[in-house]
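Could you build the full structure based on these sequences and the hints that come with them?
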Amino acid sequence: MRSQNEFSYGGDATVKRPELDKEISDQDWDNFVYNRKSLRGKHWELWQHLSGCRQWIKVERDTATHEIFNTLKANEEIS
Amino acid sequence: MSQSFRLENIGLINRDKKLSFKFNGVTYYGYEGDTLASALIANGVHLVGRSFKYHRPRGFFGAGVDEPYAIVQLYRNGETEPNIKATEQELFEGLEATSVNCWPSVNFDIGAINNFIKIFLPAGFYYKTFMWPKSFWYKVYEPFIRKAAGLGIASTKHDKERYEHKYEYCDLLIAGSGPSGLASAYAAAKNGARVILAEDKPRHGGTLLTSEVNIGNQSGKEWADGIISELKEMPNVIVKNRSQVFGYYDHNMLVMSERISDHLPKTKKFHPKQRLWYIRAKEVLISSGSIERPIVFGNNDTPGVMLSSAAKEYLKVYGVLVGKSPLIFTNNDSGYETAIEFKKNGVDPIILDTRKEPQSEIVDEAKNLGINIKFSHVVVAAQGYKKVKSADIAKISDDKEQLGKVENIKCDCICVSGFWTPTIHLASQSGNKTKFNEDIDAFVPGISKQNETTLGAANGSYVLNETLKSSFEAGQELSKKITNNDNKISFPNVVEKKSTTHDKFWCVPLPEGKNYKRFLDFQNDVSVSDVEIALKEGYRSIEHVKRYTTLGMATDQGKTSNLNGLQLVSNIENKVVPNVGHTTFRPPYTPVSIGAIVGREVGKHSKPTRKSPMHSWHEKNNAVFVDAGVWLRPRYYKQGNENLFEGSKREAKNVRTNVGVCDVTTLGKIDIKGPDAAQLLNRVYTNAWLKLPVGKARYGVMLREDGIVMDDGTTTRISENHYHMTTTTAQAANVLSHLEYYLQLVWPELNVNVVSTTEQWAGAAIAGPKSRDLLQKLFPNSDVSNEGLPFMGFIEGDLFGVKARIFRISFSGELAYEVNVESDNGNFMWEKIMEVGYEFDIQPYGTEALSTLRIEMGHVAGSELDGRTIPYDNSLEGLLSKKKDFIGKRSLSREAFTAEDRQKVVGVVPLDKKTSIPEGSHLVKDSNAQLPNPKLGYISASCWSVEHDNPFSLAILKDGKNMIGKKLFVMAPLKNKVIPVEIVSSHYVDPKGERVRS
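Line order of the protein sequences matches chains Z and A. Under numbering that gives the first Met the number 0, the first residue of the first sequence is numbered 0, with each subsequent residue one higher. Under numbering that gives the first Met the number 0, the first residue of the second sequence is numbered 0, with each subsequent residue one higher.
Don't take every hint at face value.
[Stated by the list, open to error] Quick list of the computed label-pair ranges, beta carbon to beta carbon:
id, chain 1, residue 1, chain 2, residue 2, range
1, A, 674, Z, 25, 30 to 40 Å
2, A, 644, Z, 63, 14 to 24 Å
3, Z, 40, A, 748, 27 to 37 Å
Derived by calculation from the structure, the hints in this document are not laboratory data. For each residue, glycine too, the CB sits at the ideal point set by N, CA and C.
Below you can see the structure in the form of structure tokens.
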């Protein structure tokens, strides 16, 4: 177990960056850049082990209770 | 003054050690083991403060953490501390304390006038009254309120005390060392569990110190002492007194503050004043006990009205009488215990019991002792201003609605018992869903969310035998789960007096024609009528009622007031208490000093200090340092009596005329390697990177996905698959994370490795017309001519045997180079540059001159790239590739970003060419326009242009591209300045950029 202080929050892990050089509508781009659901409950998030191995990881966390259910490596897909 | 209220033969104080102390300037005496409160009461002092709103006289209400009144300003060892509870502060020789909340003095308080114009301060008073006229707030209302209110004065001195943090792990953390805490700790410890037993007070034992019980043929106190001394001997147990577990956080982490030195006149050498414990416990046992509830009646805040349990504690622990003709007002048997103690110590109490015919062993004992008991009687109102002198009492009907004839009886204190409220704060903080227990009219812990168990009185159990039994069992069971040991402990025989049920009565009705103030919250002066008004005005949620009336919001957080407040709301609303619910319990349970929270992380220890390898050279050469993030950088090198302005001007000028050298080690450096490195750069920077040749540097700008500029810097291609990126000092860490984000999550197919090399390289920027001559002498074997090392070129060189990287880049607008060597050689490089540069009149320059040089040549930096500007705003739109995609490109087509009158960086010169322009000032068209004057832009950076010898600033200005040549005004209201200015190009020096290429 590592201290939370070593990690830094990186936003919603379910957001996919649109591919480069691809035409994209204003609405879709807005959704990618700005629009997020502020969920209460289970939420897949990105965290970086900033003061450690510097890996970005995906963490399933309850935003209300801080309970952590699942973690994935950066290259693993959320099922 | 003598201790005329002190008894001879009772109490746990040390009579061999007499202590002198001062309260409001008067010297008194007490004993070791006293609290400030018990010592004052022993001396007959009951007036200790004034209330928050009405400035009514305040005495003592409790004997511990629940105290709402007796808050004092403490003076100890040359320091002062506000918000100290006299009931918690232990007496030491030379202690000094003063009342708070009273002005000019506790005996004559001007604010008490509020008391007589009652209508002036109803619920929501502050919200309603001070709203208009708006201008009155700062000038009239606020200063008055500030002076009249407040709970003491924070010291403005640096706190010399030491505070420490400690991290601890245990199997069981037990909060509270009353009967249940002792029993569970003992059972768990015997099973080999690692136990921490924490007690807030100096003495362990809780109610066992004051109750008449017998455990295993010992008094309660003897039994407690025995358990404690046995626990202290055990290696698996930590026993702590003066330690308050005040917060329960996620994953069973609890925080406790230990007051190590607060009870001593002076902190011992090498000792901290307080220690904050972060404890991870596998299981938590909450044995925090109960706090007695008051009964609400008229003038129930008069000094001398106090909790009956507190009166008993003063008597049994401190040998102090709170009064010599006490009136006990109770709705349950607890009041009788206090009365019996008075009687046994030669004082005749009168009991008023709201119950009609209670039958129990305790009631019988009181009767047998000949105590005067009046059943079905209530106190209608206390009489007396600075101290209770008498009480108006009356018979009350069985339905508790009608009062009989009111009569007045003499008394000097009123001890109130309205039954008990379990201390469920920790359980609630842990996420426990509390439930209402009808039997005790209070909330108790319900279903646990974390590994916590609440025991004894905190769980609503008031029978000692049951408490001990369940606590032994809990300690045993929970420790067994952890240690797999199963030591059976023989359960001691308990003798206690049986009590009967309490009366669900909590508020005395007002007699006809009387309008006494009946207080719910004693610290914040919230009365019954205040809550009634709030409900009348439409506040329904208990959370809103709390905030509107300030019920339960004071430093005592409603420990004595919350439940009566809930009762009142439920009565008026015709609801039951559980449907009203209670307000949220939040940490800390009791006030925690800021020092303890901060710990050792003060001053130099609050953040790391990073120094460049040349730091000691800078020190030796009179550098004046400035914090740049976590780095210390020379701001200027002081010569003689020069100030910052003079020094930096001299340094900047020398760069423009001769040559200067600046320590640029702090710049962020990232080493980028891999076959796809160019591809990565091409995606993160806005300009093209695929065709950068080896040995060349390029300036690049990177954006966030929302189109805002994130950072800028130069990146150099060292070899085929190897790049050296520089970032600004401030953004170094963010840029590395940014690159890692895209490499790991977005484009994992790119084969690139990035690593920070900021600390691996020492850097020196050599700038000025003579820089090439200097460089040639530093690197005689390298061709540093304009052809051999052109602008934005890169070579490796040999600096007197040390390998160096030489970049021809410029931040100053002059012909300039940056030399990097491995950090260990940094000082060597610096000294060589200074030595060889002597003949070229070299001078080191600091960050102030660095800024001057970059501002006057219009090079944007952190103050323009402030997280609010896009490339266009910084005149960097030329760097936006049209041919390729990059991070943030799509956002740049947003409407606001393409607006015709979009803001842009410009230069600003005062018309008088003299007045310096404060950074952060606003630009307006008309300095006399009506407020709010429309703002056209803001000054981002200012300097004294050494090239033109007049002030020059950069500004981000609306429609900047069409504003060149216009006259505007700079408004700096904080400095009381209005400066007429002319807008010019941001490139104030060498606009064509010829010097850097020369």
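Each hint tested on the structure:
no., hint, result
1, A:674 <-> Z:25: 30 to 40 Å, "36 Å, holds"
2, A:644 <-> Z:63: 14 to 24 Å, "55 Å, violated"
3, Z:40 <-> A:748: 27 to 37 Å, "33 Å, holds"
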